[in-house]
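Letter by letter, the chains look like this.
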Amino acid sequence: MKDKFNINELCYSTLSSDSPNSYETYVSQGGYVTWKKILKELPDKKEIINSVIESGLRGRGGAGFSTGRKWSFINQDSDAIKYLVCNADESEPGTCKDRDILRYNPHALIEGMLIASYAIGAETAYCYLRGEFIDDVYTSFKNALKDAYQNKLLGKNILNTDICIELHDLIGAGAYIVGEETAMLESIEGKKGFPRYKPPFPAVKGLFGSPTIINNVETLASIPKIIGKGPDWFSSFGTKDSAGFKCFSVSGHVNNPGNFEIPLGTPFKTLLELAGGMKDGKKLKAVIPGGSSVPVVPGEIMLETNMDYESIAKSGSLLGSGAVIIMDEDTNMVEVIHRIARFYYSESCGQCTPCREGTGWMFKVIDKILKGKGTLEDLKTLESIPKMISGSTICALGDAAAMPVESFVTHYKNEFLEYIKLPTEKLANNKSFSEPLNNEFILSRK
Amino acid sequence: MKIKINNKECAFSQGETLIQVADRNGIHIPRFCYHEKLSIAANCRMCLVEQVGVNKPQPACSTPAMENQEYFTKSDLAVNSQKNTMEFLLINHPLDCPVCDQGGMCELQDQALMHGRVKSRYEQEKRVVLDHYIGPLIKTNMTRCIHCTRCVRYGEEIAGIKEFGAIGRGESMEIRTYLTSAINSPMSGNMIDICPVGALNAAPSHMKGRTWELEEVKYISPHDCVGSNMNLHILDNSIFRVVPHENKKINETWISDRDRFSYEAMEHKDRVRKPIAKINGRHMEVEWEQALEIIKNNMTDIDSSSTAGFISASSTVEEQYLFQKWLRENNIFNIDHRVSQSNFDYDEEDIFPKIDIPIKDIEKCKSILLIDSNITYEQPILSHKIRKAFLNDAKINSIHTYNYKNNFDLKNSLLINPNYLAETLIDIIEYLSIITVNDKTLKKFIIPESIKKNFKGLTNNNIIEVSNDLLHSNSIIFLGSNLKNHPDFQSLKILTNIISIYTKSSTCYLGDTSNEAGAWLTGCLPHRDIGNISAKHHGLNIKDSIIKKLDSYIIYNLDLIDFYYYSEMKKSLESAKFVLGFQSFVTEEDKNLYDVILPLATSFESPGTFINIEKEWQSFAQGCLPHFDSKEGWKILTKLRLESGVQLSNSLDYIDILNEVDHEIRNIKSIESNKMENFIFDVKSNNYLTRTGGNYCYFIDNITRRSISLNTVNKNKNLVCVNKKTLEQNNIDLEKKKVILKQGEKSLLVKLSVDENVSDDCIYISNSNKEHFELGKQYQPITIENV
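Protein sequences, first through last, are from chains A and B.
Counting from 202, one number per residue, gives the positions in the first sequence under the numbering used here.
Counting from 246, one number per residue, gives the positions in the second sequence under the numbering used here.
No lab work stands behind these hints: they were computed from the structure.
Do not take every clue at face value.
In silico BS3-like pairs for lysine-lysine, Cα to Cα no more than 30 Å straight-line [to be verified]: (1) K407/B <-> K581/A; (2) K407/B <-> K633/B; (3) K371/B <-> K581/A.
These figures come from a predicted structure and were not determined experimentally.
Just chain B, same shape as in the assembly:
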């Protein structure tokens, strides 16, 4: 089918609107309210064009293209209508472009240049709108609002959390939160991008620079496991702001607030500015040469079998590759990155974070099961895909230990105690084994006896419904990343795998960092070499390395509170002979535990590569030069390798290292199957009061937890939640707002919130500050007492 726009013949398909056809053919029609990802509002009236044979101008955004019709976007009628709209828009819009953040990238400014009058005919008072506080991330300047309602539609349609609305009528209509409150959506920052004027601005960069002074560098999210694409905007060698970079396969045009605002941490007071060494028992800043000299001396002295190296799974592929290479060259085999994992059973059959289907296909799934995943806040981009599936009539079920807030509705929501999580999955397996008895393709599959003996007859209808939903074609199971801390983590993984075999569904093991897949593939593990093949020399896993109190430790880009075995780690470091840190940030307290700390550039200041759960390699360039005296990780590690006497065949460019890693990994077929051969499951009957709750979404790594704006978003993040029944059983006085929590020898006075979203016999503590980490571990016994 064909239409003519400005005498140019354009093909279109049924249901397309004029603006879509015009955009595809490179014909620009001005617009404010239209956005390709949002529903049509047709309220700005900027895109009015002429349709031959119709006397009124037609809005291109809402007019469906009609076979053989002719349209003109630059005729007198069209241009006059657009000019009129501009005049109307400008009568109440303040002309404060010189002090507006949007100036220079403003759609209204561009249109005013094209269609605006030189002098305004409007002489009366302009509208002034009071700004309401909507949180630390977005600075409003609502006097500039042109009521296009993009932000309102974004909240309703994309973010799925309706927080903004248009209140009032006519000229006194106002865009604001219904009640004065902070915006809570984990993707709220996108409203700043879609606002066509300067009404919604990024608060951290508000009034700090002009758009034309910025330099753009493509970058990959350092916090999520999907590798959202974004652009760093650099001003004077520091990050001014972060905006999305379109990637249709991953993040479309959105990014999460965490990715957008985490850069603030770069200037945090914890930043390691110069190499630090402990000389004569005192920590002092030293020069690089001196620090390297101390390291060289110590590295020759240490007992390599009693040394362990831990690297962050947020580090780049190159750093991870060089790190394990350097250690293995020095005969150190106790290498690990699984800092938040507690259980290392069935180590050999382990599977790293992955997704079986392309990320963009999640929206096509018809049934989704979430296993204890706070996905909306932890992986907002994946949650957005699930929301799209939900809007597409997918059935979404969840088994969880806390009723997490989602931006989609759940069909079945099973709130259970974490100690019974494995049993619930066994219930599902039991039902599936009965229902699929006639499926010939499953004949070969035998359930391990240790699971079978836990079959106890089904009573729960929800379990049956959840199982039946999974049997639909095109289903996927998400295993939440919080479960890493769970004592049954490995069993849960295997049980999930069995369910997926029965239901032929895809699985996704969520990671909680940006490059966990990279850490596996580069062999940052005691039992796997580069390419995820079995290592020649097996080392100790992280748990054993910590508990056995080795002589020396090397810690790369990790805060101590990143470790599940935090308190044990602290003791081991205290008793160790030599502790070396490669750190971007270190707290005053942790500093004392190190002998040498080398200032590491953050991933913003270094080129690198992240591998996402889809195993997509995404490289990015250096955003800005390293701040202070820090250096890029790949440079430091290469230098150390040279110092330890390794002959490097390549030249010493970053790109050569990337090519080397790429070459080494891609040629190896890695171990991925989950064999289950030796799997023995035993039910633990834990009837104690249990601590639950994962890491707070803005406290997951050393960067996010130092971003000030992000950590002021939620005022209730430090509250400890317990349901009423549990409180009564433990004789807690509800009148008092504070209680004492005890785990082992540690105790903590905390504010309490009565919350029915917590399962029975559980205390929900979001790991949102250091005290919570210091108190003890998750999924472990805890006691609660009156003050």
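In isolation and in its complexed conformation, chain A is listed as follows:
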């Protein structure tokens, strides 16, 4: 790993420019050169897939599965229509990295999607954006797509070759669950966003029953430079198993929250410094390192951890989507988990039993504890529910809802106990109880 690095070298490389999202800026930085080269030389598809495997690029959406290997699951010999879907339904609380790629460097994504489509043999690609992106993000991507079409970089017989790739943008309606890849496929097909059971996996039977590859925005936006500069360039950054760069969205009690693209394996301390350090010089209490669905890590452990898949796993959590939520010493952990549990209660799709019933149950128990009415029995129940949910649902939302609750109760059990043992005092001191608890969303749902 290199000792010195510049931030924002890959997906955010256009940020330094005046008009980062323009076609001209992207081209001036060497954009679309790789795509044009591919169109000229028409390399073997397997070659491109092998380069991606060699680069060690792992899916940036959260699961961290090797991108090249995912592509290699497509049966190249079959005549079936194949699809590429870009997952731009970035809904994980805390995450905003894809939004800035779409907003400031949309051409990298388009070029990445074109290369990926070529590599898997897809002639149709969809970019599915979350409903809340409807304003500037969607406009920025749409304009970029228009520019790319105008420059004849996609469409029918691109640059007089036999290659035809159509890229469609789609905007969702704001359901968290559609970020799950198979739920997204259902949504694209015009159905309700319910995840599908696997197997069959999308690479075998995906969109409209055809083989489909689904990748995250950041993953696809990294592709042009990996192919252009070669897999070795990419793997020279990061660690052995976590190669390359990763965008981290730092939020919470820091002075300078924002997106930072740094090589994987960078110490958490460095990232915290980049984000301007703790607000008001307070002590770090806890960090959620990968978006709201991963387990919380106590601050002291986090300060010794590097930002790569393996190190974070060792500290008891997951890198996830790279949304680093920082909490200082004054944070009320029961309130935090109350808020997170409410999110999953509201976003569970309702398809399978454990998640549909369990998310609500967890929220209701936490709510009871927070209102000062909890008992030790409730805490015991709360400890057991996540274990009952995790691993027994169709998609990962069940686990996503279970993991934070489990970790909060494990690491900050004393805070829950305080609520249970000293309800009246706590009630008097806590300002959130001076007003009635915000239950409007439950009422509106009924």
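Add chain B to chain A, keeping to what the hints say.
Below, chain B without anything else, positioned relative to chain A:
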């Protein structure tokens, strides 16, 4: 290939899921969302089992069996997962089993007993779901719903009419109709059976009894021509409810709503409770002995050549056999059952309702032609088979007089005026005769000249496409049962037969009752004796019997509106000297036309046999004892035979009669071929405004039309439909919702609906109430006027 489940070695074939392998080997895995006839949803998570080497529990319903894998369904991991799912399901499920219809036959209740906790850990408020009205057949109690989506998948996949959906997300997800409306599918009742909990209940039996008090009796559908198998559930000697009985060859595990809910008619006010006789000009209830005495006296007096007997084609084989036997023994030969038929040309070559291939093979057909058949509503089970063929990429074409709603898509849909139906079939024959000119097997076949002279050169591409599709191997033609009323009915049958010869396709002549084949085979016809052989003494057919105003009539199990010649029939009965009825039901008005009415047990209350279009004999036991003072038909008829002095060799058991019929029919080779030798076809140019439309699917016989719930399903059933063009041509004011219809001297004020599904120059009237029958006949001229 082999897997191990609970250490037991089980063979499986590629593509099978674990639950299928386990079911076959008698290993029970609990489930709610999985149903063998529906697609896999894997959403209830009840069937989680352990797969050795995989740390997460796997759902047995969606996990494909993998060579040499080991599974455990009762290990700690599996049982704990199942227990967890049960706990989750029960937190929002109301524990109201004591007042729930499903209690005692509830899958959730059984599982709760096995895996449930004694006390719930959930203390918060339970979910309550508002019930929306979904029609008179299904009572919802959606608070009990566990979101297994079986009903939603059933609608999409089996019924083919997507009416139910899952609305909302997460805990507030609700199963309901998208808009608040009644369910319209003719097979909707099956959702009650597949619902694993008490969310969907049969409305007519809602809260009226408990499952463990019921007695089950196997029964055969009295309304469809395929003989769906079902079970009667009897409570206190009356039918509590009807559920399907699996028969892989016919109805699989489904039955139509008509079969499920028609039993309600049994207690209808029209039910004949005691024998009724006209004494000194007044109708009064009498005892059986007295009624039989009156009949005996009259039977000796009457002129047997001026007497006719009509029997319903919904009666059992035994009744039909004894009926014609009794009449023929009394030298009465004017016997008929074809009450809804209008045309009796080419009587000798007639073919009765039949299907050339087994019912279960319809789904394998590659091309299907429907000729004016509203099959989805009239024969839902056959329609289900056609839907399966459709899902299997069969090409389905239809020639019809109204764009009927189907649960499959049509490739070509030809909407034509009923007067041109025969000409359309001739067009097809014309094309086929050209295209098959090189087919040596057809050399011997010569088209009758009278058809040939109507060849006029083809212009219609749809006709060519329909004909070409039929030329594919494995095709079948369905001739709708409504056409019985058509003036060209016999010609249409023969033309259909010619098409089938050219295309080597199978044919199916649909019946509109449960036992029409039985009526033919038992010789309930003026020209055919038992076994469908030519009768020694030919009698008058039903049309002549009615029009010639005979002295006496004997009517068995028929309402007057069952007769095509309804008004003529009424006049003939008024002038007849003696009218005897064997009736389960009689309206107050019709009662006056009879001299004696004997209370007849319905087929629910009598043992019997129905023969379906496949000629499958299906016998059933007595569901419950006859209600009121009614008696089983076979008993009454045997008694009458004895009274008329016949010596019966057998003992007088029901089973002996069945054996006798069976013996007599099976040894005779019946006439079935359609010879066409004397066939002369003449085109009638009818340019008048024509009345079309068949019998409303819940108004086909004396039972269904008295079932209250069924007849409240469709609010629009009484509407008269006309297309816009026809209305404009007849100068009808579209603003006014009502019009006057006139047929002959009769007129009727009706509500009008503008409907482009009706062909030009036609007025579509579904025969759904008595006024429609009284107005006049189908396929006859009609006029329409402003109010």
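Okay, the hints, checked on the actual structure:
no., hint, result
1, K407/B <-> K581/A, "44 Å, violated"
2, K407/B <-> K633/B, "16 Å, holds"
3, K371/B <-> K581/A, "21 Å, holds"
The structure fails hint 1 only (numbered hints given earlier).
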